[in-house]
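A.B. asks: The lines below spell out each chain.
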Amino acid sequence: MQEHDMSWVRTEMALAQPAPSSERGLTAWIRKNLIATTGDAILTIVGIALVAMILPQIINWAFINAQWTGPDRSVCATVAQGGIQPDGWTGACWAFVNAKFGQFMFGTYPIEERWRPIVVAILFVALLVPLLIPRVPRKGLNAILLFLVLPVVAFVLLVGGIFGLPHVETSRWGGLLVTLSLSFVGIAVSLPIGIVLALGRRSNMPIVKLLCVIFIETVRGIPLITVLFFASVMLPLFLPAGVSFDKFLRALIGVSLFAAAYMAEVVRGGLQAIPKGQYEGADSLGLSYWQKMGLVVMPQALKLVIPGIVNTFIGMFKDTSLVIVISMFDLLGIVKQNFSDANWATPQTARSGLVFAAFIFWLFCFGMSRYSMYTERRLDTGHKR
Amino acid sequence: MKHIAIGVLGAAAFGFAASAASAATLDDVKAKGFIQCGVSTGLAGFSAPDDKGEWQGIDADFCRAVAAAVFGDGTKVKFTPLSAKERFTALQSGEIDILSRNTTWTINRDTALGLNFIGTTYYDGQGFMINAKKLPGVNSALQLSGAAVCVQSGTTTELNLADYFKSNKMEYNPVVFEKLEEVNAAYDAGRCDVYTTDQSGLYGIRLTLGAPADHVVLPEIISKEPLGPAVRQGDDQWYHIVKWTYFALLDAEELGITKANVDEMKNSDSPEIKRVLGQEADTKIGTDLGVSNDWVVNIVKAVGNYGEMFERNVGSGSPLKIARGINALWTKGGLQYAPPIR
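Which chain is which? The protein sequence lines are A and B, in order.
With this note's numbering applied, the first sequence covers 1 to 385.
With this note's numbering applied, the second sequence covers 1001 to 1342.
Keep in mind the hints are simulated off the structure, nothing from the lab.
Even glycine gets a Cβ: it sits at the ideal position worked out from N, Cα and C.
Hints may be right or wrong, so weigh each one.
Said to hold, decoys possible - Only pairs whose alpha carbons sit at most 27 Å apart, straight line, appear in this in silico DSSO-like list of lysine-lysine:
1) B:LYS1032 / A:LYS336
2) A:LYS336 / B:LYS1085
3) A:LYS336 / B:LYS1052
Said to hold, decoys possible - A few chain A residues that don't get close to chain B, going by computed Cβ distances all over 10 Å:
4) GLY82
5) ARG138
6) LEU237
7) TRP362
As the list claims (entries may be wrong) - Which chain B residues stay away from chain A? Per the calculated CB distances, all over 12 Å, these:
8) SER1167
9) THR1208
10) ILE1222
11) ASP1282
12) ASN1293
Turn these sequences into a full structure, and let the hints guide you.
C.D. replies: What follows is the structure, given as structure tokens:
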């Protein structure tokens, strides 16, 4: 009888087989995501039809028919409207944006002095970008330069009045310059103040706690627009005659304090999510209050609330448009102001200007949002579901 | 505490713009070297930024004229854009020296608010624009019975409209919006047949319509809106300088003195022209006012006469193409009349 060795041990892994053709490739993706059921199929067809209806018109308007350069309204108006375009023409009037671009960026900052905000912008980018890239060393020095040195340099350059730089009143600032400087100061000031307020609100010291609660609840209870309005219409009447308080400064203080109050509540949310064991663990190691908070609690809490923090930043960035009520012209304000220039008054002017402003706002908000998602992934330590 | 400290530090850094608003605005203005002029946040033809960001328009030019009278240089003006709500506070608190912001002259503003209006640089009034395609044959507001009227809510415009239709025993259907842009869009889309607001504004709005030729501004004016610059009460010298700058613009037009011919006009044979231009021997007209004797020359060199200012900003030289109408000189059937400079 022949003995068969029944045992068989496979010595190498079976080669991975490709997934069945019905599960891979474009067809499978389309089947799974677009036409899985009859309902899906109908929705897909309706969706495609909508896009096919709208997209060509948008492209037509924004690019093909658009007017990119021109001296005045005539390039953006049809013959019937007093321009040179054939009747029935519609297209974006980028010529308007082009002609007003300097204003949209700097407001009425004197043209021969516009190198100053440009230098500040270059310095800002040169300091911000390395700070945002984790690989680049010397974060401490970088942060000091960005948050302590740059504001001083920017202040000297933008305001002037010393070192032979002509003084430029803040009332002449405008456009993106105002939007960005308000939001940068707002962000840089609100985060630390917000953290301090959040800690104060959870503090055991009754007076500190009371003060923080009063501040946060008062500020959150008043609309920003009311405070700005009050500061611009009522304040001058209370101040001694002839003394005026810089409008830009009023806006800066208002925006920063508001963002700080909101930030405090966002941070407090993070603090509450940290289990008690973390506090107790830190205490049992003999850490002081500030060590406990700085080394154990805050890093975890802030990581948890990154979406909330960025949400507040983005909200604040867009809220800067409210300074229009004190006649400061941020990007949106100056775009709208220029609609009143009769040399550019056409049916297309307002649309084009608003689309341009929306695009710039989107660019910054989208950038912030993407960076926050990147940071969340980088700091992810496994709590994510 | 921390916030207060930040506020104080910030205030110290930006600096309080302290200029004691004493009685003598002229001295203040001369000391700082420019006139602070309050303008609108943007109104076509009156004060609106051009491509370079310089303020253009009748209201802006008027401040340049005052600067020319005071300094001999029309560029010595700084403009402060002001919202409708801020404008009076800004003047009262001394933040600005002249309010030249398409502001309607009323008794309340002249008395209770402590302003002094210097005159009417533009006679405006609420008017109607109609879509002639939808309302063919209409050439008077009295034919508008039953029409749908687009109007901005919460304005005196809305009240005037109601009064006008009621007193003429006509029906109308108000289509009300909060924002000007919404009113414009609704009118352009044909949601109403009639648009009502200040007549000067109607011409600007017409430029933004799809088919401007289809729209007609009706001749009726249903409210008085005399727009003019104002100064603070209690400073007669400054009031006179601003007021006579306005009169000088009108007198220059009446005498045919223009930006182009002002230098030739100095040698004119007409004693009146010589007097106005400060060419009379031992003249004290300018110095009595507190400015130099060639002040009218400076004004006209800076902005031209009233007619030139009008045509350049809102009239035939501008896209608005507003007719002179009641803003013509009194010699041409209008209301603009200036006392003589003598």
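A.B. asks: All hints are to be evaluated individually against the structure, with a verdict given for each.
C.D. replies: Hint by hint, here is what the structure shows:
1. B:LYS1032 / A:LYS336: violated, 32 Å
2. A:LYS336 / B:LYS1085: Since the Cα atoms of A:LYS336 and B:LYS1085 sit roughly 18 Å apart, the hinted pair holds (cutoff 27 Å).
3. A:LYS336 / B:LYS1052: holds, 16 Å
4. GLY82: violated, 7 Å
5. ARG138: Since the minimum Cβ distance to chain B is about 28 Å, A:ARG138 lies beyond 10 Å and the statement holds.
6. LEU237: violated, 6 Å
7. TRP362: Check passes; 20 Å lies beyond 10 Å.
8. SER1167: Non-interface label stands for B:SER1167: nearest chain A Cβ at 33 Å, farther than 12 Å.
9. THR1208: violated, 5 Å
10. ILE1222: holds, 24 Å
11. ASP1282: At about 38 Å from chain A, B:ASP1282 clears the 12 Å cut-off, so the statement holds.
12. ASN1293: holds, 31 Å
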